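A.B. asks: With the hints as constraints, model all of the structure from the sequences given.
Those protein sequences? They're chains P and B, same order as listed. At the far end of the first sequence sits residue 345, using the working numbering, and the numbering has no gaps. At the far end of the second sequence sits residue 876, using the working numbering, and the numbering has no gaps.
Hints were generated in silico from the structure; no laboratory data involved. Careful: at least some of the hints might be erroneous.
Restricting the straight-line Cα-Cα distance to at most 30 Å, the calculated cross-link-like pairs of lysine-lysine (DSSO-like) are [to be verified]:
hint : chain 1 : residue 1 : chain 2 : residue 2
1    : B       : Lys-651   : P       : Lys-291
2    : B       : Lys-386   : P       : Lys-341
3    : P       : Lys-327   : P       : Lys-52
4    : B       : Lys-386   : P       : Lys-241
These stretches of chain B come out as covered by chain P in the derived footprint (C-beta under 8 Å, 3 or more residues) [stated by the list, open to error]:
hint : segment
5    : 384-396
6    : 719-729
Residues on chain B that point at chain P, a partial pick, calculated with CB under 7 Å [stated by the list, open to error]:
hint : residue
7    : Gln-457
8    : Met-470
9    : Ser-493
10   : Gly-551
11   : Phe-564
12   : Asp-839
13   : Glu-844
Since this is a predicted model, take the numbers as computed values, not measurements. Heads up, the beta-carbon is just placed ideally off N, CA and C, and yes, glycines get one too.
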Amino acid sequence: MFKNIIKTTAFAATLFMMACGGNSTQEQEQVVNLYSHRHYEADQKLFEEFTKETGIKVNVVNASADELIQKLELEGENSPADVLFTVDAGRLHRAEVKGLLQPITSDVLNENIPANLRHPEGLWFGLTYRARVIAYSKERVDPADLSTYEDLANERWKGKVLVRSSENVYNQSLLASIIAADGAEAATAWAEGMVANMARAPKGGDRDQVKAVAGGEGDIAITNTYYVGIMLNDSNEEERKAAEAVGIFFPNQNDRGTHINISGVGVAKYAPNKENAIKLIEFLSQEKAQKVLAEENYEYPVNAKVSISETIAAWGDFKKDSINLAKLGELNSEAVVTFDKAGWK
Amino acid sequence: MAIIILLVIALPVFTIVWKLFDSPGETWTHLVDTLLWDYSKNTLLLLLGTALFSAIIGVTAAWFIANYEFPLRKYFEWLLILPLAVPAYIMAYTYAGMLSYTGPIQTFFRNQLGWNTSGPFLDIMNIPGAMFILGISLFPYVYVMARSSFMQQSRNLQEASYLLGMGSFRTFFKVALPMARPAIAGGLSLIAMEVLNDYGTVKYFGVNTFTTGIFRAWFSLGDAGAAIYLSAILTVVVFALLWLETKQRGEASYTQGSNAPKPFVRKALIGWKKWTVLSFLISLFLVAFGFPIAQILAWVWATFHKVVTADFIQIILRSFSLAVGTGLFIVCFAIIMLYAVRLTKVKWLQTVSKLAVLGYAIPGAVIAVGIFIPLLQLDNVIIDVFKSLSFASPGLLFSGSVFTLIFAYIVRFLAVGFNPIDAGFQKVGRHVNEASRLLGFSDTKTLFKIDLPLIRNSIFSALLLVFVDVLKELPLTLILRPFNFQTLATKAFDMATNEMIAESANASLIIIMTGIIPVILLNRIIRTRKA
Chain P
1 MFKNIIKTTA FAATLFMMAC GGNSTQEQEQ VVNLYSHRHY EADQKLFEEF TKETGIKVNV
61 VNASADELIQ KLELEGENSP ADVLFTVDAG RLHRAEVKGL LQPITSDVLN ENIPANLRHP
121 EGLWFGLTYR ARVIAYSKER VDPADLSTYE DLANERWKGK VLVRSSENVY NQSLLASIIA
181 ADGAEAATAW AEGMVANMAR APKGGDRDQV KAVAGGEGDI AITNTYYVGI MLNDSNEEER
241 KAAEAVGIFF PNQNDRGTHI NISGVGVAKY APNKENAIKL IEFLSQEKAQ KVLAEENYEY
301 PVNAKVSISE TIAAWGDFKK DSINLAKLGE LNSEAVVTFD KAGWK
Chain B
346 MAIIILLVIA LPVFTIVWKL FDSPGETWTH LVDTLLWDYS KNTLLLLLGT ALFSAIIGVT
406 AAWFIANYEF PLRKYFEWLL ILPLAVPAYI MAYTYAGMLS YTGPIQTFFR NQLGWNTSGP
466 FLDIMNIPGA MFILGISLFP YVYVMARSSF MQQSRNLQEA SYLLGMGSFR TFFKVALPMA
526 RPAIAGGLSL IAMEVLNDYG TVKYFGVNTF TTGIFRAWFS LGDAGAAIYL SAILTVVVFA
586 LLWLETKQRG EASYTQGSNA PKPFVRKALI GWKKWTVLSF LISLFLVAFG FPIAQILAWV
646 WATFHKVVTA DFIQIILRSF SLAVGTGLFI VCFAIIMLYA VRLTKVKWLQ TVSKLAVLGY
706 AIPGAVIAVG IFIPLLQLDN VIIDVFKSLS FASPGLLFSG SVFTLIFAYI VRFLAVGFNP
766 IDAGFQKVGR HVNEASRLLG FSDTKTLFKI DLPLIRNSIF SALLLVFVDV LKELPLTLIL
826 RPFNFQTLAT KAFDMATNEM IAESANASLI IIMTGIIPVI LLNRIIRTRK A
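C.D. replies: Okay, structure coming up:
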């Protein structure tokens with residue numbers, strides 16, 4: 001009996017060592033440690049490709065950007081993180097304000113990424129961008145009636161608007177862009193008008209809003225472009241049908257342009273593998289990687305040499321809000337408070 | 346030794362109490378002004394609603410199965426425990442997916458019958474929906490406890506009640522139910538703790554409770570202090586519940602008379618009564634287990650070729666070894682502590698050892714906060730020491746390592762392993778120990794030669810129960826997991842939150858399948874105890 005216990009223990013211990021071995025064998029090999037909010041299959045493929053090319057292993061911690069920033073902050077100068085990868089400029093800004101990022105200079109990055117999609121001093125870089133658009137019911141809405149985000153708060157859309165919770169960072173950045181364009185007072189009035197127009201209390205993700213339009217719960221949804229792209233290419237026929245029931249409208253084309261947000265990276269202030277971090281970011285900004293991001297995740301590549309996927313190309317070109325994304329980060333907390341006051345769940 | 350283990354286990358509670366003396370920051374004021382009321386209201390509603398719902402279905406099912414004879418009764422006895430193998434968050438993803446616009450139910454109505462069912466009718470992502478999900482995944486706790494209580498009740502009392510002209514309804518309410526009250530309350534307190542610990546369901550459904558508040562305060566608002574305040578409130582609530590439970594259990598002791606209860610004869614049900622009971626139990630089983638499992642299997646069938654890769658196998662292996670590792674630690678700790686109590690017979694040590702199991706009552710998110718902060722401080726001290734001796738910095742040794750994660754699991758699940766081993770020791774009694782000592786064996790030798798072989802079944806069930814609980818654990822793992830680290834639970838969570846519910850079913854299925862084994866074992870233990 002006792003022997004059996006020992007045997008089992010030894011077996012379990014071996015298994016255990018095998019399973020944990022992954023993170024203790026970092027002494028010799030080249031690595032780059034990534035804190036990432038993105039969990040797309042495409043990313044994993046790219047990291048493998050990067051390792052193949054450079055021999056540098058990519059270690060990833062996946063969590064929400066908020067959690068990762070908190071972790072970076074607590075770990076301080078002993079943090080193992082090299083790169084922070086978020087899906088929103090606001091979070092990069094938060095990391096920047098907390099002093100968690102360091103500036104880097106790279107000709108490759110400056111060439112591949114347009115100036116308004118990266119930090120002026122190189123604290124962070126956008127790698128892809130997505131537009132926050134209006135998805136309208138092809139059946140019930142005439143796109144000629146659509147114009148701006150501001151117009152969605154107009155009374156004639158009462159009970160027709162679908163949008164997710166204010167806890168979502170895409171909405172926070174959208175409101176920040178409205179604060180920047182129209183001022184705090186107008187933004188508060190807009191948020192209140194939107195709440196009054198909602199077809200239902202906010203729930204679910206962007207895809208759920210699109211489905212609710214298809215199901216007739218409302219006529220208009222606010223969504224990020226790549227979600228619709230993913231739905232249009234889903235293996236489930238019902239998902240495709242739901243996405244085909246909506247049209248995509250790019251708002252504010254006659255003034256500041258449609259709100260966009262980036263998915264981007266910054267190098268951690270105390271990055272132990274800074275050189276590798278820069279190599280990884282450069283790799284991600286180059287045509288090959290940009291193409292994968294564009295094709296597999298239906299995002300807009302920042303690198304102008306890369307064409308967008310057919311699915312989103314079908315929606316046509318559009319004018320982008322050219323506000324510097326750093327500004328959205330600055331206004332983020334004001335946006336959160338405005339949402340809370342307006343009662344946007 | 347036992348004392349040291351105890352102190353370490355109590356670490357998160359100490360941290361939280363300690364941090365309470367820091368003055369609250371701005372975030373806390375903002376939370377009190379805007380969200381605290383919402384958190385309290387939702388948490389309370391969820392708690393009461395889930396308790397009521399699971400009490401009604403659990404006790405009803407237990408009453409039928411304990412007292413009546415009807416076809417398939419023996420199968421239902423254990424079939425109704427199976428929902429325990431499905432973590433509530435997986436139940437939540439599955440139902441949300443099933444009932445969504447593109448899910449099978451709405452698709453069927455829309456495409457086959459031409460009905461548009463979109464709208465609030467099938468909407469489950471709200472507070473009543475969360476009550477439903479938590480209720481169907483947790484009701485077996487009440488069911489199991491109430492059933493064994495009903496079975497142990499003396500026939501005589503019920504017969505007396507019938508003879509006095511009471512119908513079965515009044516017998517149930519006046520005699521059986523009051524006598525089963527302590528058992529039902531025990532089951533409900535387990536449910537209450539699970540509800541307070543839940544993160545996956547409420548997060549996914551967008552219901553703000555204390556648990557989501559802890560995550561929000563710490564991460565979104567970046568204020569660990571506010572998170573600790575919330576944790577403290579939650580901990581107080583949990584301890585109050587525990588206290589209430591022991592208090593009321595102490596008062597409610599019903600005497601059954603000393604003569605042995607009459608042999609148990611179930612009344613056979615016939616006619617419409619038989620069919621009503623049967624259809625109730627069948628629908629309960631289908632709703633709480635059959636339908637969700639069918640949906641998960643369908644999703645796995647559609648997506649496994651995409652999801653089950655070498656990486657996925659790695660995740661399975663890792664989750665399993667993590668669970669086995671934690672199980673072994675817990676079993677060792679429990680044996681050391683209980684053996685110390687057994688040898689010394691010191692009264693206060695017995696009381697203190699009870700404290701060690703409080704971890705199970707503390708929500709995972711709270712334990713994570715309470716462990717991460719002191720370990721990080723420890724790490725920074727170590728690094729400073731190394732640097733002052735001009736050695737290279739060893740980096741963060743503990744925080745963000747598997748060590749922290751296992752430590753946290755041990756704190757949280759010690760009770761799960763502790764109880765069966767405690768019961769095992771008590772069954773063996775002290776006489777064999779004393780005999781062994783009289784024959785000149787040392788304490789250690791006695792432990793290995795006498796006690797452990799005698800309680801090996803208890804050790805095995807302890808290991809198994811811890812194993813399954815670790816496999817299911819979500820909030821704590823999310824906060825404390827290191828680099829490149831996914832468990833089955835976090836994988837399912839990540840995929841579901843990324844709107845890939847069908848893909849998440851692969852990880853869910855493995856968690857459920859593994860969970861079924863101890864559920865069946867548990868039922869066996871209850872049955873043999875009854876015999």
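A.B. asks: It remains to establish, for every hint, whether it holds in the given structure.
C.D. replies: Evaluation of the provided hints:
1. The straight-line distance between the Cα atoms of Lys-651 (chain B) and Lys-291 (chain P) is roughly 21 Å, inside the 30 Å bound, and the hint therefore holds.
2. A hinted pair counts as satisfied when its Cα atoms are at most 30 Å apart, and Lys-386 (chain B) with Lys-341 (chain P) qualifies at roughly 19 Å.
3. Using a Cα cut-off of 30 Å, the hinted pair Lys-327 (chain P) and Lys-52 (chain P) is violated, with the two alpha carbons roughly 38 Å apart.
4. Among the hinted pairs, Lys-386 (chain B) with Lys-241 (chain P) is inconsistent with the structure: their alpha-carbon atoms are about 39 Å apart, more than 30 Å.
5. Counting residues of the segment 384-396 of chain B whose beta-carbon sits less than 8 Å from any beta-carbon of chain P gives 0, not enough to reach three: the coverage restraint is violated.
6. Closer than 8 Å: that is the beta-carbon criterion, and the segment 719-729 of chain B has 4 residues meeting it against chain P, so the requirement of 3 holds.
7. Residue-level restraint check for Gln-457 (chain B) is violated (minimum Cβ-Cβ distance to chain P is 13 Å; threshold 7 Å).
8. Interface restraint check for Met-470 (chain B): the shortest CB-CB distance to chain P comes to about 5 Å, inside 7 Å, so the restraint holds.
9. Interface restraint check for Ser-493 (chain B): the shortest CB-CB distance to chain P comes to about 31 Å, outside 7 Å, so the restraint is violated.
10. Taking 7 Å as the C-beta contact cut-off toward chain P, the hint placing Gly-551 (chain B) at the interface holds, the least distance being around 5 Å.
11. Interface restraint check for Phe-564 (chain B): the shortest CB-CB distance to chain P comes to about 4 Å, inside 7 Å, so the restraint holds.
12. Because the closest C-beta pair between Asp-839 (chain B) and chain P is about 5 Å apart, less than 7 Å, the hint holds.
13. For Glu-844 (chain B), the shortest C-beta to C-beta distance to chain P is roughly 5 Å, which falls under 7 Å, so the interface hint holds.
Hint compliance for this structure: hints 3, 4, 5, 7 and 9 are broken, all remaining hints hold.
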